[in-house]
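Can you build the whole structure from these sequences, using the hints too?
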Amino acid sequence: MELASQIPGTIFDVQGFSVHDGPGARSLIFLKGCTLNCFWCSNPEGIGIKNVPLYYASNCIDCGKCMDNCPVGAIRITREGHFIDRSLCMDCTDHQCVVECYTDALRFSGRKTTVDELYKVIQRDRPFWGSGGGITLTGGEPLFQIDFARAILEKCYDAYIHTAIETCGNVPWKNFEKVIEFLDWIFFDLKQMDTELHKGGTGASNEVITDNVMKLSGKFNGRVIFRLPLIPGFNDSDENFERIAALILKTKWREINILPLHHLGREKYESLGREYKGLSYPIPSKDKLLEVKSVFESKGITCYIGHETPF
Amino acid sequence: MTEQNNFLECPVSNYYGDVPKGEIQAREIHKQPTPRVEKIRQLYFNTQSSASVEFPYWYTRRWEELEGEIPIVRRAEALKAAFEHSTPAIYPGEILVMGKAPFLRGSYPMPWLSEAFFMAQEGELYQAALDAGKVSADQVTTMGQGGGNVTESVGNVISIAGKFGLRKEEMPMLLDIAKKWYNKSVDDVGHKYEQMVPGYHEKEEIMRAVICMFDSGYTLPQGREVMNYYYPLQYGIEGIKNICDEKMKQTAGYPDMDRIYFYKAVYIILEGIQTWVKNYAEEARFMASLEQDASSKEEYLDIAERLDWLVAHTPRNFHDALQLVWIFHVAVLNEDAISGLSPGRLGQILYPYWKRDMDQGLLTNEKTLELLESMRMKFTEIDCFASMGVVGGVLSGNTFNNLCVGGLTKDGNSAANDLEMLIMESAMTCDTPQPTLSLLYDEKLPEDFLMKGVECTKIGTGYPAWVNNQVAMEFLLNNFKKEGMGLEEARAWSIGGCLETSAGSWMPLVVDGVTHYIPGGSAPATSVGVHFLSLPKILEAVLFDGLDKKTGRRVYPSHGLALNSYEEVWEAFKKYFDSTVEVLTLTNNIQHDVWGRISPSIINSMLKPDCLDTGRDISRKGSRYNRTFNVEICGGVNLVNSLASIKKNVFEDKSFTLDVLKEAIVANFGYAPAAETGAYSLSEQVKDSHYNDWLKIHKQCLDAPKYGNDDIYVDSLFREWQEYFSATCENYISLYGEPLYSCQISVSTHGPMGAVTLATADGRLDGTTFADGSVSAYPGSDKSGPYALFSSATCYNHSLSQNSQLNMKIHPSAIAGREGARKFLEMIKSYLRKGGFHIQFNVVDSRMLKDAQAHPDKYRGLMVRVAGFTQYWVELGKQIQDEVIARTEYSEI
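Protein chains in written order, with our numbering: chain A, 1 to 311; chain B, 312 to 1204.
In short, the hints are calculated from the structure, not lab data.
Keep in mind that a hint or two might mislead.
[Stated by the list, open to error] Reference listing, derived: stretches of chain B covered by chain A, where coverage requires no fewer than 3 residues with Cβ under 8 angstroms from a Cβ of chain A:
id: 1; segment: 1098-1107
id: 2; segment: 1128-1142
[Stated by the list, open to error] Calculated pairs, DSS-like style, for lysine-lysine (alpha carbon to alpha carbon, straight line, at most 30 angstroms):
id: 3; chain 1: B; residue 1: 589; chain 2: A; residue 2: 112
id: 4; chain 1: A; residue 1: 155; chain 2: B; residue 2: 1094
id: 5; chain 1: A; residue 1: 50; chain 2: B; residue 2: 1094
id: 6; chain 1: B; residue 1: 792; chain 2: A; residue 2: 112
id: 7; chain 1: A; residue 1: 288; chain 2: A; residue 2: 277
id: 8; chain 1: B; residue 1: 1145; chain 2: A; residue 2: 155
id: 9; chain 1: A; residue 1: 286; chain 2: B; residue 2: 1161
id: 10; chain 1: B; residue 1: 495; chain 2: A; residue 2: 120
id: 11; chain 1: B; residue 1: 886; chain 2: B; residue 2: 861
id: 12; chain 1: A; residue 1: 120; chain 2: B; residue 2: 1145
id: 13; chain 1: A; residue 1: 268; chain 2: B; residue 2: 1094
id: 14; chain 1: A; residue 1: 50; chain 2: B; residue 2: 886
id: 15; chain 1: B; residue 1: 666; chain 2: A; residue 2: 112
id: 16; chain 1: B; residue 1: 1140; chain 2: A; residue 2: 155
id: 17; chain 1: A; residue 1: 268; chain 2: A; residue 2: 250
id: 18; chain 1: B; residue 1: 1007; chain 2: A; residue 2: 50
id: 19; chain 1: B; residue 1: 1010; chain 2: A; residue 2: 268
id: 20; chain 1: B; residue 1: 1145; chain 2: B; residue 2: 792
id: 21; chain 1: B; residue 1: 342; chain 2: A; residue 2: 286
id: 22; chain 1: A; residue 1: 120; chain 2: B; residue 2: 342
id: 23; chain 1: A; residue 1: 268; chain 2: B; residue 2: 1161
Cβ coordinates follow ideal geometry from the N, Cα and C atoms, glycine included.
What follows is the structure, given as structure tokens:
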């Protein structure tokens, strides 16, 4: 068995001075790979576990170096622009196209690291969190690379670092079991209580998710804050709010954080050559957000809108 | 063919975190001054910087009459005459009065320091100055075009030094006076003697190449220091005259006779100040006689009564004390060309008076706030008259009156008090540039005090700067070890100027029979000596074997090295750096000696412990601490990034040879020079047709390890540079017989010095501005977040130098609300605990700054933090505006 410190993982970012994803100032670690495929996802480059090239047309000078260096001829440059046939480069591992790009038009969607390497960054950041800070694993789905996640969380927890994850909940219960003893805090997404609608918007059913919520309520003693990404036209029905509230009331936790849809991920979708369906959904109005807040608060569930949180 | 870079295409991104979209976010907190002060502020906004010839006229006239008199007495008489003839002007609504000159933003030239720069530009004198390499700095400086700057002559107003308006009819008098000082000014006499220094020729070339920005002896010989108001507060003006009387009796006829001339000079000047104050009292009575409104009339009479009292007596209350402090602040400013004359820990100095008035119910918080806001306006109205290169290039028009809050008391407890809370509040309600605030952070300071500081930082004006009390004390104890500084005295420090850690002393102020130990400055000007060495330009000279490649002139003798290894490059750099410091130390020592003879400081000397005891002025080591000459640098981060690029690309990876790199530098990596495009940040440069030829090399230069990312490769070079810099300064001895030391503030010099420097090996382009401060990353190169930047910044011991400087730009959303404020404080504390000396913030949406550049009229009141100081956006030069916009913006994550 490999040493815990050597466990490899793929991440796509570490951001310092994160002030909205847990108490205090934190370092946010983005793990690649997700079990859902939500059409509004603001980090689409984190959905796939594989490291793929991202293409930013605005930086491209059409020098052709990427095309010359692609062993499978997946890149074409025409009058209309720059095309990557991603079906041809699925198995590519070294991505010479990115290496040869001088202008950062091509970039990697993630990078390999190890528990040790990542922990060094955490140690570096630790003095700067001040009191009340810590780490938050996000992604992607942080419990997708479960061995990596567990090793990081265990190491941090043992070092008295405050630990949090931001999960979509759609992972086997055993994944939760592996990490809950090393966790102080969980952000748990509840998106859509109707199974079919959930499947339509995220690519997967919600049964595992609701099941995990109840199991967690029995086993986990830390703080859980539910999160509802609010997508008008997808999950903003009164019925959905009622059902989410009903589920929450069955648990021992009473807090929900509404995250209104935004369109900031547009450039990322373009760089992946993917369609951004979230763009065709409107950003929720302020009135709507206040309405949702009052629905939850009328049932005794504390509701925070966006970044207006007390932590 | 050239093509305009758009924002996305730029090789650097200026954002860390989300790029803000949607509406420009305004600053979160906005407060208003009291109605009285708001009126004065509007008056200020509509006032242009104005020069007057009144003071130099009377000074020169009296000086000429006293041919043959002992120099210091002659100068005292000249100053006395000038003070006595200074026309008093009181503006409606003022409750604190007196100013440098009759104009609201008035100042005047001091031809006895240097007369050449305001002579007619086509005149022979100007040409002579040009030949000596003195005007180079003026030629590369851009002055802010807006606000109160008079950049062009209009009607009967003539623009001088690119900033000040002078009435046309006063111009002949100015030229007449200037001619009288020809060959007699500090500048001219100093120039005569500095040529005796071996290697003087090299100095001229160094100045011409703008490797060094300024001589300090005749430009701004004083400042970057902390005032000491103890003697006037404790003894009153008449009381100090009595001390001088006593001292003259004790010393007359005994050896060390300079003492009696000093005491005599102080006595004479105090008489001048008394008349000056009386004239203002008279003016107040005159204003009262014209005033119809009963309460305004009462105020004028109150002013007159107060001034009359202060002519002779010690202050009776807080208002008196504040007025007396202001009288001496202006008196010192009128004595010399000064920037960075800092009031120091004013809230602690005035606390005994304030507390008593509050306890007795004579004063309220509201009234205090009104007085403090009035004080802010007085400080903001100060203008410093100097050449365009100095005012624009170094100061950006700023006068750096740094007021400190916090720190420790003499016995080591928190020194924060409630008056300081109100001082911070007044800086929020009356958010003008002066006095700028520094918070002397110590773990012992109470949390509510620190949160007040955060609240103030969040208004976005850039103050308070957060500075580390313990690091400063470590520096001081080491720097003044030989002069006997102990732990208690180290606690008396404050910031003088924008960020100069300055030695202080505790003085026993007796109020109502109780002794209070108040802090105040007890050393002469710091930041005199070798001023602003452009490190990237020295490296350029190394690569081109001693030449200024821009002009083709030889600056240094050929080093004769093949530069076949990184070590050779580094050794050659140190050699050129050292020879620069050596020759400039010697020439500046001569200039300062001449300054001390022709234009000695009398009022400032009198105020500084222990000149009144020793009978010597500050230029003759009269003050308690004298190790104040330093070496200042600019562009350190660009130097180190360039060294890292050369080390890695040329010598380790062998991606290209040094010769190819030099070609790339000369070709500016295929971009048009900034001087042609008028844009001074890397992200807005324009490509030329050879862009593709140099693309790969430019990319490799940009991709080389960059300071600010917690990368040991480059951080270890940074540390090596820092340790070398601080050590090598000690090899040079100042006029006062003390070793020099390292000081790291760029002020605004990173603009003009960048303007004359070719592209650099780190990928920076020709003519663009250097990284600001000393530990700020080059804009856009700190890609790993604030914590990585903090780690890089603290890779060496900051107490090796007088300061370090970290400027950050934060989007208002990142620290919004109550939680945002708490997390912001944690972040600040964490950096200081890690050993950082200083951090300051621009809390602003960059898009607002771009909008302000396009529509200056909409943003008259917008202020930004530049490098150790806050200034109105519209009064900044374009080089600096571009650099502030380009700084990495830490936004919401």
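Results for each hint:
1. Requiring three or more residues with a Cβ within less than 8 angstroms of a Cβ of chain A, the coverage given for the segment 1098-1107 of chain B holds, as 4 such residues are present.
2. Taking a C-beta to C-beta cut-off of 8 angstroms, the segment 1128-1142 of chain B contributes 10 residues in contact with chain A, enough for the three needed, and the coverage statement holds.
3. Taking the CA atoms of residue 589 of chain B and residue 112 of chain A, the gap is near 77 angstroms; set against the 30 angstroms cutoff, the hint is violated.
4. Pair hint residue 155 of chain A plus residue 1094 of chain B holds up; C-alpha atoms about 26 angstroms apart against a cutoff of 30 angstroms.
5. Our distance criterion of 30 angstroms between C-alpha atoms is met by residue 50 of chain A and residue 1094 of chain B, whose separation comes to about 23 angstroms.
6. A threshold of 30 angstroms between alpha carbons decides the hint, and for residue 792 of chain B with residue 112 of chain A the separation of about 52 angstroms lies outside it, so the pair is violated.
7. Of the supplied pair hints, the one linking residue 288 of chain A and residue 277 of chain A holds, its CA atoms being roughly 21 angstroms apart against a limit of 30 angstroms.
8. Proximity of residue 1145 of chain B to residue 155 of chain A is assessed by CA-CA distance (about 23 angstroms); at most 30 angstroms being required, the pair is judged to hold.
9. Restraint check for residue 286 of chain A and residue 1161 of chain B: the C-alpha separation of about 29 angstroms stays at or below 30 angstroms, so the hint holds.
10. Pair hint residue 495 of chain B plus residue 120 of chain A does not hold up; C-alpha atoms about 64 angstroms apart against a cutoff of 30 angstroms.
11. A threshold of 30 angstroms between alpha carbons decides the hint, and for residue 886 of chain B with residue 861 of chain B the separation of about 21 angstroms falls inside it, so the pair holds.
12. This hinted pair checks out: residue 120 of chain A and residue 1145 of chain B have alpha carbons roughly 17 angstroms apart, not beyond 30 angstroms.
13. Distance hint between residue 268 of chain A and residue 1094 of chain B is fulfilled; the C-alpha atoms sit about 18 angstroms from each other, no more than 30 angstroms.
14. Using a Cα cut-off of 30 angstroms, the hinted pair residue 50 of chain A and residue 886 of chain B is violated, with the two alpha carbons roughly 52 angstroms apart.
15. At roughly 62 angstroms between alpha-carbon atoms, residue 666 of chain B and residue 112 of chain A are farther apart than 30 angstroms, so this suggested pair is violated.
16. This hinted pair checks out: residue 1140 of chain B and residue 155 of chain A have alpha carbons roughly 26 angstroms apart, not beyond 30 angstroms.
17. Only pairs whose Cα atoms come within 30 angstroms are accepted, and residue 268 of chain A paired with residue 250 of chain A is rejected, the gap being roughly 38 angstroms.
18. Pair hint residue 1007 of chain B plus residue 50 of chain A holds up; C-alpha atoms about 28 angstroms apart against a cutoff of 30 angstroms.
19. Distance check on the hinted pair: residue 1010 of chain B and residue 268 of chain A sit about 23 angstroms apart at the alpha-carbon level, within 30 angstroms; holds.
20. Distance check on the hinted pair: residue 1145 of chain B and residue 792 of chain B sit about 25 angstroms apart at the alpha-carbon level, within 30 angstroms; holds.
21. With a CA separation close to 27 angstroms, the supplied pair residue 342 of chain B and residue 286 of chain A stays within the 30 angstroms bound.
22. Taken as a hint, the residue 120 of chain A and residue 342 of chain B pair is broken in the structure, with Cα atoms around 44 angstroms apart against an allowance of 30 angstroms.
23. Distance check on the hinted pair: residue 268 of chain A and residue 1161 of chain B sit about 26 angstroms apart at the alpha-carbon level, within 30 angstroms; holds.
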